[in-house]
Amino acid sequence: MNKKIKFRVNGKKAELEVPTNRLLIDCLRYDLGLTGTKEGCSVGVCGACTVLLDGDMITACLTLAVMADGHDITTVEGLAKNGELNPVQKSFIQYGGFQCGICTPGQVVAATALLKENPKPNEEEIKDWMMGNLCRCTGYYKIIESIEKAHQFAK
Amino acid sequence: MIPFEYRTPKNLKEVHATLKEFGADAKLISGGTALVIMMKQRLVRPSCLVSLGSVRGLNGIELKNGGVSIGGLATHRSVEGSSLVRRRLPMLAETYHHVATLRIRNVATVGGGLAHADPNQDPPPSLIALGATVKVTSANGSRVVPLDEFFKGYYETILNPDEIITEVMVPKLAANTGAAYIKFLPRTADDYATVSAAAVLTLDKTMKTIADVRIALGSVGETPIHATAAEALLRGQPLKAEAFAEAGEKAKEAVDPVSDFRGSAAYKKDMAGVFVRRALEKALADIRQQAKAKSAPKPAKKKVAKKKGKKK
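Chains A and B, in that order, are what the protein sequence lines are.
Start counting the first sequence at 1; every next residue gets the next number (my numbering).
Start counting the second sequence at 1; every next residue gets the next number (my numbering).
Everything labelled a hint here was simulated from the structure, so no lab data went into it.
Every residue gets a Cβ at the ideal spot worked out from N, C-alpha and C, and that includes glycine.
Be a bit skeptical, because a hint or two may be false.
What the hints assert, rightly or not - With a cut-off of at most 35 Å between alpha-carbon atoms, the simulated DSBU-like pairs for lysine-lysine come out as follows: (1) B:250 to A:4; (2) A:6 to B:20; (3) B:13 to A:3; (4) B:10 to A:12; (5) A:3 to B:135.
Stated by the list, open to error - Label pairs and their in silico Cβ distance ranges: (6) A:139 to B:65: 36 to 46 Å; (7) B:139 to A:6: 28 to 38 Å; (8) A:152 to B:3: 48 to 58 Å; (9) A:72 to B:11: 17 to 27 Å; (10) B:3 to A:15: 38 to 48 Å; (11) B:185 to A:123: 47 to 57 Å; (12) B:84 to A:151: 24 to 34 Å; (13) A:96 to B:65: 49 to 59 Å.
If we strip away everything but chain A, and leave its shape as in the complex, we get:
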């Protein structure tokens, strides 16, 4: 069974017909070609598929594409503006938060949502917010440091 959906992805209108059982992550990756969002655990634990729905972070592997109908979705591809990386992305490069790369899109999207609410989070606040984004390399120190220092890149 198919359903027509209309939503915005990274500011651009998207209109497509999807099977009702299409997951948002598959819709983003395969229907729209936005492969930045990764699928890790498929059960909502690892955070690799983190995207923003109307600015709030959600789990794309547990969200049906039809549930995004009428909403604004932001993926990692939508963070850079006019070719310029956002402060979190710059900081991940500068301070080594970007490691093997597989968890990075989810980490960056989640951290971007954090900085929007709390522009200068401390370590404890970062851990509380980011606890749902796992790094299989266990390289958390650099990720935390990158988020802590991301404000340096904000204009």
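Dock chain B against the given chain A, drawing on the hints supplied.
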């Protein structure tokens, strides 16, 4: 996932009508964080999903008859961030704050969580200890059920297929009442608990006698467990050091845990006793702290920075 029809009713009346049309073949979906996993695993195979995404007015959190009324579609995040809940029922705000991760709490709803009825969830023990009731409605009317009568087994509740949880009501706390919810997490902070315990303790005017107490446990049985025998042991008794440990021992008789990677059944049973004692101690400390804050000279009003949750 098998294919299904997807309906988007615009109001409660349409929800009721759709549920009536499909009966047991329909499932309500809001955040979907529990249901989609179960559908992926083919544990549930509804032929129709009834989305609650377009239904308005069921996500409010407000004062009602001195207690707090929470709409069935309020998200976990909106409960943890609600200034009303933080002020009146800080233990409940804390409980919701420690559910899973923020990604889940952003969309998972209060009603959806209860209807999911996994005995490992955090909110049920806290809500049972707080004496909460749920309002469920259908095309045929509505009924109000005490939460400790709501759960029937693993993923099973008293809900009929045509019913929806529209409201959770937490009554006003009596004077000299303290509350606590604690859980034991040996693995990760977003994991289900090995055991969890909630206690709501009320002392009488003299502050030396237990006027009332409610105790509930999670993760140690097929449903959240309301430890009524342990409560009976304490109610009306003078406050003495060994009483809480005795209540913990009594609560152990009510639990029936299974062995898994979070602990053996025997260990969980022992920990149930320990965690009931600790929850009671924490509830007592909460009463004493409130009394201290009340008797202390009023400090200059300090504005607490609010970061968690936004007003919805």
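Whether the CB-CB distance between residue 96 (chain A) and residue 65 (chain B) falls inside 49 to 59 Å | The hinted range 49 to 59 Å holds for residue 96 (chain A) and residue 65 (chain B), with Cβ atoms some 55 Å apart.
If you draw a straight line from the CA of residue 13 (chain B) to the CA of residue 3 (chain A), is it 35 Å or shorter?
-> With Cα atoms ~23 Å apart, residue 13 (chain B) and residue 3 (chain A) stay inside 35 Å; holds.
So does residue 72 (chain A) sit 17 to 27 Å from residue 11 (chain B), Cβ to Cβ?
-> Since residue 72 (chain A) and residue 11 (chain B) have Cβ atoms about 24 Å apart, the given range 17 to 27 Å holds.
Hinted pair residue 250 (chain B) and residue 4 (chain A), Cα distance within 35 Å | Roughly 57 Å separates the two Cα atoms, so the pair is violated.
Given the hint that residue 6 (chain A) pairs with residue 20 (chain B), does the C-alpha gap stay at or below 35 Å?
-> 29 Å, holds
Are residue 84 (chain B) and residue 151 (chain A) spaced within 24 to 34 Å by their CB atoms?
-> 32 Å, holds
Could you grab the alpha-carbon distance between residue 3 (chain A) and residue 135 (chain B) and see if it respects the 35 Å cut-off?
-> 33 Å, holds
Between residue 152 (chain A) and residue 3 (chain B), does the C-beta distance stay in 48 to 58 Å?
-> 49 Å, holds
Hint check for residue 6 (chain A) and residue 139 (chain B) - Cβ pair distance inside 28 to 38 Å | 31 Å, holds
Within 38 to 48 Å or not, the Cβ separation of residue 3 (chain B) and residue 15 (chain A)?
-> 21 Å, violated
Indicate whether the distance between the beta carbons of residue 139 (chain A) and residue 65 (chain B) respects the range 36 to 46 Å.
-> The hinted range 36 to 46 Å is violated for residue 139 (chain A) and residue 65 (chain B), with Cβ atoms some 52 Å apart.
Just tell me: holds or violated, for the beta carbon distance of residue 185 (chain B) and residue 123 (chain A) against 47 to 57 Å?
-> The hinted range 47 to 57 Å is violated for residue 185 (chain B) and residue 123 (chain A), with Cβ atoms some 20 Å apart.
Figure legend: structure checked against the earlier numbered hints; hints not met, in rising order: 1, 6, 10 and 11.
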